[in-house]
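Residue numbers (full-length UniProt numbering), protein chains in the order written: chain A, 1 to 133; chain B, 1 to 682.
Bear in mind the hints are in silico, worked out from the structure with no lab data behind them. Cβ atoms here follow ideal geometry from the backbone N, Cα and C, with glycine treated the same way. Take these hints with a grain of salt, some might be off.
In silico lysine to any residue, SDA-like type, Cα no more than 25 Å apart, as pairs [to be verified]:
{"id": "1", "chain 1": "B", "residue 1": "333", "chain 2": "A", "residue 2": "71"}
{"id": "2", "chain 1": "A", "residue 1": "81", "chain 2": "A", "residue 2": "69"}
{"id": "3", "chain 1": "B", "residue 1": "333", "chain 2": "A", "residue 2": "60"}
{"id": "4", "chain 1": "B", "residue 1": "328", "chain 2": "A", "residue 2": "45"}
{"id": "5", "chain 1": "B", "residue 1": "653", "chain 2": "B", "residue 2": "666"}
{"id": "6", "chain 1": "B", "residue 1": "479", "chain 2": "B", "residue 2": "344"}
{"id": "7", "chain 1": "B", "residue 1": "333", "chain 2": "A", "residue 2": "37"}
{"id": "8", "chain 1": "B", "residue 1": "360", "chain 2": "B", "residue 2": "335"}
{"id": "9", "chain 1": "B", "residue 1": "316", "chain 2": "A", "residue 2": "37"}
{"id": "10", "chain 1": "B", "residue 1": "316", "chain 2": "A", "residue 2": "60"}
{"id": "11", "chain 1": "A", "residue 1": "17", "chain 2": "B", "residue 2": "283"}
{"id": "12", "chain 1": "A", "residue 1": "17", "chain 2": "B", "residue 2": "651"}
{"id": "13", "chain 1": "B", "residue 1": "333", "chain 2": "A", "residue 2": "31"}
{"id": "14", "chain 1": "B", "residue 1": "328", "chain 2": "A", "residue 2": "120"}
{"id": "15", "chain 1": "B", "residue 1": "328", "chain 2": "B", "residue 2": "360"}
{"id": "16", "chain 1": "A", "residue 1": "17", "chain 2": "B", "residue 2": "653"}
{"id": "17", "chain 1": "B", "residue 1": "316", "chain 2": "A", "residue 2": "62"}
{"id": "18", "chain 1": "B", "residue 1": "328", "chain 2": "A", "residue 2": "69"}
{"id": "19", "chain 1": "B", "residue 1": "477", "chain 2": "B", "residue 2": "523"}
Just a sample of chain A residues kept apart from chain B, beta carbon distances all over 12 Å, derived [what the hints assert, rightly or not]:
{"id": "20", "residue": "39"}
{"id": "21", "residue": "42"}
{"id": "22", "residue": "77"}
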Amino acid sequence: RFFSPGSAALNCSQTPKHLVLLRDGRTLIGFLRSIDQFANLVLHQTVERIHVGKKYGDIPRGIFVVRGENVVLLGEIDLEKESDTPLQQVSIEEILEEQRLELQAKQESEKLKVQALKERGLSVPRADTLDEY
Amino acid sequence: MLAVAWGSLTPGKHPGTWRSSAPHRASPVPKSLCRCGGDLPPRSAPGLLSLGGFLRFPSQEMPSVSVLDYALPQRPPQAREEERDLSERALPRRSSSPVIGSPPVRAVPIGTPPKQAAVPSFNQQILCPKPVHIRASMQQRYPAPYGERMSPNQLCNVPNSSLLGHPFPHSVSPVLTHLQRAQLLGGAQAGRMSPSQFARVSGLVGSPLPSVNPKLLQGRVGQMMSPAGGFRAFFGAAPAPPPPSQPQPPPGPASHLQGLRPQPQMFRPDTTHLHPQHRRLLHQRQQQNRNQHRSLNGSVGDRGGHRGSHQEQARKDPYANLMLQREKDWVSKIQMMQLQSTDPYLDDYYYQNYFQKLEKLAAAEEVHGDGPKKERTKLITPQVAKLEHAYKPVQFEGSLGKLTVSSVNNPRKMIDAVVTSRGEDDETKEKQVRDKRRQTLVTIEKTYSLLLDVEDYERRYLLSLEGERPALMGERKQKICDMYDNLRGKAPGQERPSDDHFMQIMCIRKGKRLVARILPFLSPEQAADVLMATARNLPFLIKKDAQDEVLPCLLRPFSHVLYHLPLGTVTSLVQQLTNLPQSATAPAPTNLHLAAVLQNKFGLSLLYLVLSRGEELQSSDTSTELMQDNQWTELMLLATRELLRIPAAALAKPVSPPSNLLALFSRYVDQQKLNLLETKLQ
Chain A
1 RFFSPGSAAL NCSQTPKHLV LLRDGRTLIG FLRSIDQFAN LVLHQTVERI HVGKKYGDIP
61 RGIFVVRGEN VVLLGEIDLE KESDTPLQQV SIEEILEEQR LELQAKQESE KLKVQALKER
121 GLSVPRADTL DEY
Chain B
1 MLAVAWGSLT PGKHPGTWRS SAPHRASPVP KSLCRCGGDL PPRSAPGLLS LGGFLRFPSQ
61 EMPSVSVLDY ALPQRPPQAR EEERDLSERA LPRRSSSPVI GSPPVRAVPI GTPPKQAAVP
121 SFNQQILCPK PVHIRASMQQ RYPAPYGERM SPNQLCNVPN SSLLGHPFPH SVSPVLTHLQ
181 RAQLLGGAQA GRMSPSQFAR VSGLVGSPLP SVNPKLLQGR VGQMMSPAGG FRAFFGAAPA
241 PPPPSQPQPP PGPASHLQGL RPQPQMFRPD TTHLHPQHRR LLHQRQQQNR NQHRSLNGSV
301 GDRGGHRGSH QEQARKDPYA NLMLQREKDW VSKIQMMQLQ STDPYLDDYY YQNYFQKLEK
361 LAAAEEVHGD GPKKERTKLI TPQVAKLEHA YKPVQFEGSL GKLTVSSVNN PRKMIDAVVT
421 SRGEDDETKE KQVRDKRRQT LVTIEKTYSL LLDVEDYERR YLLSLEGERP ALMGERKQKI
481 CDMYDNLRGK APGQERPSDD HFMQIMCIRK GKRLVARILP FLSPEQAADV LMATARNLPF
541 LIKKDAQDEV LPCLLRPFSH VLYHLPLGTV TSLVQQLTNL PQSATAPAPT NLHLAAVLQN
601 KFGLSLLYLV LSRGEELQSS DTSTELMQDN QWTELMLLAT RELLRIPAAA LAKPVSPPSN
661 LLALFSRYVD QQKLNLLETK LQ
């Protein structure tokens, strides 16, 4: 028998939490309340989790309605495994700061790369139109 | 009214058109309709009648109509037709989409979820709230006495609400909330209300709330809740503060109400922050799910951690079952439909193979008697039988020619693009080179397709019937021959003097991998041929491979081939590899060919392999034939000399030096040199 979304919810006493990865790189964690054939999702008590290195931070967001085309993957969180993770939770401000630093570093290295390639006469297409994060 | 008038005008002429058809674009009422009797143009018939039919529909039903009902023009009455001049007839109704060749049009789109189960009528006012224009106008006229958090719809349910729009005095008995009516249905106490009050009440709920069944109020005189109490019960623990303008409940009819005991309340979680409509829907779903749970209770049983009290579950997570099981099944069904395939090995090759491998591993483990194998939840994809669909374009009888409509089932070629190759004489050299390379690439791709087919034959063989197998084998053989021809370049009739074609293929990374995969399928002679060609041109190949470094992938298939080769071939191989003996013109100390070979990982490894094979043959073959083979001995001597000469640093690192090389060299060199060689081999 195949899995149907929320079938676990019907049988267990606890609703399982779901993790959704979106195309722009965001990770959302929440209770999946509804799904349709396009993978449009309704997430309840959603939290956006930002990962930087070994740290992560949660931003509570409330109810999300996600259009299906933006979903990369969706999975159920094993609540036992979630409790023993090597990752360390930090405050929102801290994780946002870390993210900013990481982005900055990435941009700088990218700039150097493009510069080096330009010197050699090669050009890399801009990744704006690609799903890159 | 309209329909009745029409009927009176042309009695009995249109029995067939009184069916429920989809509402037609309403044509304006012709003036002629106002006349009593007389002729009326039949063309207006469909529009009006369907309009009449439309009025009869319940407000939420919209049947899915097949296009045939919709697109084809309705038949006008026969009698009229003969009398009419045909020029007066209107054009037949145009369908809104091209029928022919397209998938059928539905009035309800394919993706709509299943409808809600039919809800009892008293709930209708929740699910189908009053249209906005009515709501808005009412709000303008009357102030909101009960606070802003209630929707206008809710307000209309409030007893004694002045919003109801009827100038009845407040002495009238309160209008019940839907919940109270539900409780009324359940309760059956003799009431002290006079029927007249109910009659007025029913009048009250006449037009603004059309869907309420008056019978509910007339016949059923049950428990009546005091309005305030009812409110509190419905809205949960923390009610809104009663506004100051709340009218007093009328003393007369309501006095007896206070004496009544309110019904025991169902437990409700604190949902006061929600919109009332939201709340109602939520509770309704909970009720539905409770019913579901009750019926399922036997099967659910006590699955790990399942508590008996559903209400407790509801308390923990009131939104747990927003999606009904039916809806979940429906989504799953769609997802599974998308996975249907007639040939899973074609559509989903990697998934199938991966799971086969896993199963083989599991089976192997089981054979060893290890612990219980893990249950692997495999998604069982629905299998669909292969059906041959031959699309036949629609043809009309009696028409000349065929329709040319392009649709999703019958795509049509829009542009006729013809490739014209210009064979100019003064083509630049670069262009020639480029074309040649492209030719090679095409050859590689074609050969790859052949290869994939050949690799697949084993599986097909297992699946096929006995009678088909020889045919399959024949096909396979043919394909292998084709592959070989492709590799070496077809040269009908003549020998294959040039390795050019092969070399071109080998210069391309994909070509090398292709050769590695083809080798197992070739016959020994063919394989040896390939090997020879490689050895002959090895320095060239090495140079070309400097960037890709893909040559080592050939080592394994080569070693398999070598295993079957006789000594003669091996000898010539060594000769090719080392380019020994050298011609007289080449200066003695430099053997560039061999040097290149030795300095390259692949080259050296290949050389070692060949030498090792030679040694195997030598040691296994007890006859003295080998000893007498001058060529071999000579080669060995020369080879060892070269090896000694080359500095160890320049030697490449072989992939895996065979173990019997020392034994080989020991035949030809003395101990001292042997030690030297040994160090070099490390």
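Problem - List of violated hint numbers, smallest to largest - result: 2, 3, 8, 9, 12, 14, 15, 16, 20, 21
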